[in-house]
Amino acid sequence: MNQVSLELKGGKSYALIGPNGSGKTTLIKSMLGLVVPTTGNILFENVSILNNWKYREKIGYMPQIGRYPENMRIGQLFEMMKNIRKGNPKVDEELIDAFKLYKIFDKPMHALSGGTRQKVSAALAFLFHAPVLILDEPTAGLDPVSVEILKEKIIHEKRMGKLLVITSHILSDLDEIATEMVYMFEGRVQYSNSIETLKRETNESKLNKAIATLIRQRELLESVTE
Amino acid sequence: MTRIIKYVFYDILRTRFIIFYTAFLLICTFAFFQLDGDFGKVVLSLMNVVLMAVPLVSVVFTTIHFFNSYEFIELMLAQPVNRKVVFLSEYLAVASSLCLAFVAGVGFPFILYGAWQPISTLMMTGIFLTLVFVSLAFFASVLTRDKAKAIGIALLFWFYFSLIYDGLLLWVIYSFSDYPLEKLTLTLIAFNPIDLARIIMLLQLDISALMGYTGAFYKNFFGSNLGILFSGSLLTLWVLWPILFAIRIFNKKDL
Numbered sequence: 001m002n003q004v005s006l007e008l009k010g011g012k013s014y015a016l017i018g019p020n021g022s023g024k025t026t027l028i029k030s031m032l033g034l035v036v037p038t039t040g041n042i043l044f045e046n047v048s049i050l051n052n053w054k055y056r057e058k059i060g061y062m063p064q065i066g067r068y069p070e071n072m073r074i075g076q077l078f079e080m081m082k083n084i085r086k087g088n089p090k091v092d093e094e095l096i097d098a099f100k101l102y103k104i105f106d107k108p109m110h111a112l113s114g115g116t117r118q119k120v121s122a123a124l125a126f127l128f129h130a131p132v133l134i135l136d137e138p139t140a141g142l143d144p145v146s147v148e149i150l151k152e153k154i155i156h157e158k159r160m161g162k163l164l165v166i167t168s169h170i171l172s173d174l175d176e177i178a179t180e181m182v183y184m185f186e187g188r189v190q191y192s193n194s195i196e197t198l199k200r201e202t203n204e205s206k207l208n209k210a211i212a213t214l215i216r217q218r219e220l221l222e223s224v225t226e
Numbered sequence: 001m002t003r004i005i006k007y008v009f010y011d012i013l014r015t016r017f018i019i020f021y022t023a024f025l026l027i028c029t030f031a032f033f034q035l036d037g038d039f040g041k042v043v044l045s046l047m048n049v050v051l052m053a054v055p056l057v058s059v060v061f062t063t064i065h066f067f068n069s070y071e072f073i074e075l076m077l078a079q080p081v082n083r084k085v086v087f088l089s090e091y092l093a094v095a096s097s098l099c100l101a102f103v104a105g106v107g108f109p110f111i112l113y114g115a116w117q118p119i120s121t122l123m124m125t126g127i128f129l130t131l132v133f134v135s136l137a138f139f140a141s142v143l144t145r146d147k148a149k150a151i152g153i154a155l156l157f158w159f160y161f162s163l164i165y166d167g168l169l170l171w172v173i174y175s176f177s178d179y180p181l182e183k184l185t186l187t188l189i190a191f192n193p194i195d196l197a198r199i200i201m202l203l204q205l206d207i208s209a210l211m212g213y214t215g216a217f218y219k220n221f222f223g224s225n226l227g228i229l230f231s232g233s234l235l236t237l238w239v240l241w242p243i244l245f246a247i248r249i250f251n252k253k254d255l
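One line per chain: the protein sequences are A and B, in this order.
The first sequence: position 128 = 128 (the numbering used here), numbered continuously.
The second sequence: position 122 = 122 (the numbering used here), numbered continuously.
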């Protein structure tokens with residue numbers, strides 16, 4: 001990634017968009033401290049996150065590919081996470097109920113399908129009432145019913161004034177959820193503004209069309225300047 | 001930290017490898033007792049097991065465990081947990097379970113045969129060697145993302161310290177046999193934890209007389225309190241430097 005400068009404000013929901021390999025997941029991982037930037041800094045509530053870890057109490061993270069200890073059972077995994085994050089006494093088990101995960105609590109992680117794994121990831125991300133939610137491709141691999149459940153949950157959390165960062169390639173999903181858009185391309189932030197403004201600028205009513213127009217405009221500009 | 005150690009322990013116990021390792025040591029020790037009733041000879045036979053098998057098992061088990069718990073480590077690092085704590089918990093859990101297996105496997109038969117005294121040095125050096133090679137294996141594991149490569153590097157450490165280094169040492173002694181080499185070999189030995197352990201044990205067994213003048217020189221040095229302090233602190237250094245470097249690398253590692 002190269003010269004990324006972004007400011008994310010509480011209460012808003014950001015859609016992180018860009019082609020494959022444009023650095024969306026890397027950006028998210030650096031916010032979590034999983035990837036350490038070689039230069040530059042990341043501030044969370046005005047405190048640098050480098051060599052800091054306490055701030056992660058306020059983040060719920062749903063990874064793109066959830067990797068969990070393979071020989072653990074689902075129930076054990078949830079128990080362990082609650083045990084590790086003891087700072088949050090109240091837990092939000094709404095998604096565990098909605099996805100009916102308690103029925104398969106004794107299944108080991110290696111026996112899970114991709115979709116069920118995704119459900120576990122989602123339930124874990126929302127478990128601790130974190131004020132910041134980072135969701136990396138939350139709806140990928142889920143069945144339509146579960147997608148709706150998850151979307152409802154996300155919209156509900158958004159109404160509660162949480163900061164949301166979501167990446168997805170399914171733009172129609174983002175249209176309902178996100179209010180701001182960050183467009184990344186080859187490791188740089190190319191565009192960052194509210195979706196309303198974007199739609200107005202491009203004279204489109206749908207997010208996917210607006211983005212397509214935006215990309216075309218950019219390409220045209222680049223070919224002219226070259 | 002104790003919470004994470006608990007989960008790592010739980011994971012180690014489930015693989016049952018540690019139980020096999022303990023059983024292997026138990027069988028070895030009992031077998032040596034069957035062969036010979038003399039405690040000194042049992043200790044001498046066990047010494048060879050300790051010098052070869054313990055580092056090898058420590059190195060292989062640690063690297064495999066580290067890469068098998070990669071998912072766990074990844075999961076923990078996205079949580080409000082300090083990186084250092086996660087890494088140290090892994091280290092402490094692996095090192096202590098291997099040490100426990102060693103102490104139980106070798107110590108139990110000796111207690112049964114009522115011979116606690118002669119094995120205190122054996123226990124000490126065994127534990128030290130376990131710690132040193134667990135450290136080296138963690139160091140090898142953070143150097144690369146590839147499991148096979150990491151095991152290769154870790155095995156190279158073992159190979160180097162248990163075979164290659166001795167070959168080089170012999171070559172030096174042989175080629176420069178016309179010169180007084182006592183001080184030089186003493187220094188060179190400090191660079192190999194297995195040699196250090198071997199000499200500490202040989203001197204405890206009182207067979208240093210077999211080694212001629214050099215043996216007497218070593219006995220003079222390593223037998224004294226200063227020598228024990230010297231070799232003990234050297235082995236501690238051997239435990240510390242790889243794990244400290246590993247923590248430094250791990251702190252900056254991308255996952």
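Hints in this document: simulated from the structure, not taken from any laboratory.
Fair warning: there could be bad hints in the mix.
Said to hold, decoys possible - Result set (DSS-like, lysine-lysine): computed pairs, CA atoms no more than 30 Å apart in a straight line:
id	chain 1	residue 1	chain 2	residue 2
1	B	K183	A	K86
2	A	K58	A	K103
3	B	K147	A	K107
4	A	K103	B	K6
5	B	K252	A	K9
6	B	K6	A	K90
A quick note: this is a predicted structure, and the numbers were derived from the prediction, not measured.
Hints, one by one, checked against the model:
1. Under the criterion of a C-alpha separation no larger than 30 Å, the hint pairing K183/B with K86/A is inconsistent with the structure, at around 56 Å.
2. Between K58/A and K103/A the alpha-carbon distance is near 29 Å, which keeps this suggested pair within the 30 Å criterion.
3. For the hint linking K147/B to K107/A, the alpha-carbon distance of about 27 Å falls within 30 Å, and the restraint holds.
4. A C-alpha spacing of about 26 Å is found between K103/A and K6/B, which places the hinted pair at or below 30 Å, so the restraint holds.
5. A threshold of 30 Å between alpha carbons decides the hint, and for K252/B with K9/A the separation of about 28 Å falls inside it, so the pair holds.
6. Annotation: proposed proximity of K6/B to K90/A holds, straight-line Cα distance about 23 Å (limit 30 Å).
Violation of the numbered hints given earlier is confined to hint 1; every other hint is satisfied by the structure.
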